Amino acid sequence: MAMEYSEKVMEHFAHPHNVGTIEDADGIGEVGNAKCGDIMRMYLKIGENEIIEDVKFQTFGCASAIATSSIATDMIKGRPLSEALTLTNKAVVEALDGLPAVKVHCSVLAEQAVKAAVADYYKRKGVPCDCCGEACELCAHDHDHGEEEG
Amino acid sequence: MFVYADNAATTAMSSAAAAAMLPAMQTLYGNPSSLHQKGREANMALLGARETVARCLNAGPQEIYFTGCGTEADNWAITEGARLGAEAGKKHIISDTIEHHAVLHTLKKLEKQGFEVTYLPVHENGVVRLEELEAAVRPDTCLVTIMFCNNEIGTLQPVREIGALCRQKGILFHTDAVQAIGHVPVDVQKDNIDMLSLSGHKFHAPKGVGALYCKKGIRLKNFIEGGAQERGRRGGTEAIPAILAMAAALEESCAHLDENMAKVTAMRDRLIEGLSRIPNSRCNGDPDHKAPGIVSFCFEGVEGESLLLRLDLAGICASSGSACTSGSLDPSHVLLALGLPHEIAHGSLRLSLCEYNTMEEVDYILEQVPEVVRTLRQMSPVWLHMLEHMDDPYQ
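Just so you know, the sequences run in chain order A and B. Residue numbers 1 to 150, in the working numbering, belong to the letters of the first sequence in order. Residue numbers 151 to 545, in the working numbering, belong to the letters of the second sequence in order.
None of these hints come from the bench; they were simulated from the model. Hints may be right or wrong, so weigh each one.
As the list claims (entries may be wrong) - Restricting the straight-line Cα-Cα distance to at most 25 Å, the calculated cross-link-like pairs of lysine to any residue (SDA-like) are:
| no. | chain 1 | residue 1 | chain 2 | residue 2 |
| --- | --- | --- | --- | --- |
| 1 | A | 35 | B | 366 |
| 2 | A | 35 | B | 489 |
| 3 | A | 77 | B | 236 |
| 4 | A | 35 | B | 537 |
| 5 | A | 123 | B | 534 |
| 6 | B | 366 | B | 517 |
| 7 | A | 35 | B | 365 |
| 8 | A | 8 | B | 521 |
| 9 | A | 35 | B | 538 |
| 10 | B | 365 | B | 204 |
In this text the structure is predicted, and so the values were computed from the model without any measurement.
Please model the entire structure based on the sequences and the hints provided.
Structure, rendered in structure tokens:
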């Protein structure tokens with residue numbers, strides 16, 4: 001059965017926002033693995049007052065993996081770090097006008113990628129990250145699929 | 151430009167098929183089982199279609215059973231082959247790892263019922279080796295089922311030799327020829343085939359019709375109870391319009407087989423040559439034993455669904471064996487059976503051509519695919535990781 005992607009998903013897939021790398025990034029997070037078919041890498045540039053000045057991403061994956069990465073970067077760009085930490089996969093799905101059930105997993109990856117990048121920023125600064133703590137290590141390496149793999 | 155390059159998924163109906171189908175819907179509406187003139191008229195047409203299909207396979211009309219699809223024919227043939235074996239106390243079946251799910255899932259069901267199945271490996275080129283088949287044969291082997299042509303990579307199996315070996319050993323031989331019929335020469339007698347499955351919509355007939363060839367003397371049991379149709383073996387009023395269209399499409403395909411093969415092979419070879427120029431790409435399947443129209447490539451660092459949908463945006467219809475397009479956790483079992491690692495199998499693209507395609511379309515594909523692959527690589531962390539260990543081929 002063919003899957004239906006929303007227009008929003010197709011728009012972000014065809015013309016993704018914030019693609020690329022940041023040379024002097026303050027935090028980098030990578031989640032997923034190639035064996036499973038998707039990897040997301042996020043780069044953060046943090047400015048004064050812990051505002052996310054710039055964010056870029058690179059994604060290997062399906063259309064929804066690219067679209068969720070794109071919209072997640074939009075959602076945190078220019079926002080305070082604390083706000084990025086409250087980003088949920090549900091919000092990502094809603095912002096894309098929905099995802100097919102088998103692709104919801106991609107939105108979880110996008111959330112994890114953002115949080116892994118933030119955790120990396122705190123780690124570099126030597127600040128203990130109580131937001132997701134060890135979970136960040138987990139999400140970066142333990143790619144659990146369940147039934148919703150895309 | 152719009153290019154339909156997914157002919158292994160399904161084909162456009164031919165004018166010949168449509169010309170046979172339309173009157174069959176509006177004027178040949180009788181039930182072939184009815185005794186009156188409309189019934190007799192429909193029955194005559196059905197007889198003619200059965201003869202045509204039989205002639206194209208070098209079979210007898212009484213050896214052709216019309217079905218609803220190729221999958222049904224596969225289910226029927228394998229289930230019956232197994233049952234006949236079990237009756238003789240033989241419960242071992244030989245197949246291979248790159249069969250279509252119509253075959254694999256039927257075999258899984260039989261395994262649960264106590265049959266033992268040996269799945270031959272296909273090696274990196276996707277071809278079954280005869281010596282391995284011979285070594286797998288046991289005294290209790292009752293059935294060998296090996297496809298004629300693989301749907302994902304286009305590999306042609308040595309069907310004639312397999313059939314000869316089965317004859318010699320007294321084992322039934324079934325082949326899923328869904329991707330072969332109408333595209334390469336198939337002769338059930340010369341090719342030593344006992345049972346063969348085919349599907350109309352792969353050679354320009356409509357969807358919803360297929361056939362099973364079953365050699366005379368093999369005593370098939372009924373697949374659908376409740377009617378005298380198909381010699382009582384498959385009840386249900388025959389889909390006359392679809393059956394007539396399939397016969398017309400097959401007749402046309404077989405009449406033009408040589409010229410179509412030459413045309414499609416030339417396009418395929420140009421496509422393979424052009425796509426091979428993309429850095430870190432590989433063409434899947436055996437270069438010497440290949441269907442005319444099926445081209446399968448893997449592009450490292452790229453995921454198949456993205457590739458497919460980007461090509462779709464560029465007007466090109468193709469398919470992929472990535473997990474995301476197969477709707478499961480794993481990429482295509484066919485690509486994995488070739489020994490490809492998951493991460494490479496995820497980046498697969500299948501382009502399947504037919505005689506309706508043109509060289510201009512091939513050239514358009516060759517303009518678009520390298521661009522799309524490059525764009526996706528530029529945003530791929532996998533590709534970035536690869537660049538840490540090699541020179542950038544795009545520099």
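A quick look at each hint next to the structure:
Distance check on the hinted pair: residue 35 (chain A) and residue 366 (chain B) sit about 48 Å apart at the alpha-carbon level, beyond 25 Å; violated. Pair hint residue 35 (chain A) plus residue 489 (chain B) holds up; C-alpha atoms about 14 Å apart against a cutoff of 25 Å. For the suggested pair residue 77 (chain A) and residue 236 (chain B), the alpha carbons sit about 67 Å apart, so the restraint of at most 25 Å is broken. Distance hint between residue 35 (chain A) and residue 537 (chain B) is fulfilled; the C-alpha atoms sit about 18 Å from each other, no more than 25 Å.
Taking the CA atoms of residue 123 (chain A) and residue 534 (chain B), the gap is about 24 Å. The hint holds against a cut of 25 Å. A hinted pair counts as satisfied when its Cα atoms are at most 25 Å apart, and residue 366 (chain B) with residue 517 (chain B) does not qualify at roughly 51 Å. A C-alpha spacing of about 45 Å is found between residue 35 (chain A) and residue 365 (chain B), which places the hinted pair above 25 Å, so the restraint is violated. For the suggested pair residue 8 (chain A) and residue 521 (chain B), the alpha carbons sit about 23 Å apart, so the restraint of at most 25 Å is met.
This hinted pair checks out: residue 35 (chain A) and residue 538 (chain B) have alpha carbons roughly 19 Å apart, not beyond 25 Å. At roughly 11 Å between alpha-carbon atoms, residue 365 (chain B) and residue 204 (chain B) fall within 25 Å of each other, so this suggested pair holds.
When the structure is compared with the earlier hints, violations turn up for hints 1, 3, 6, 7 and for no others.
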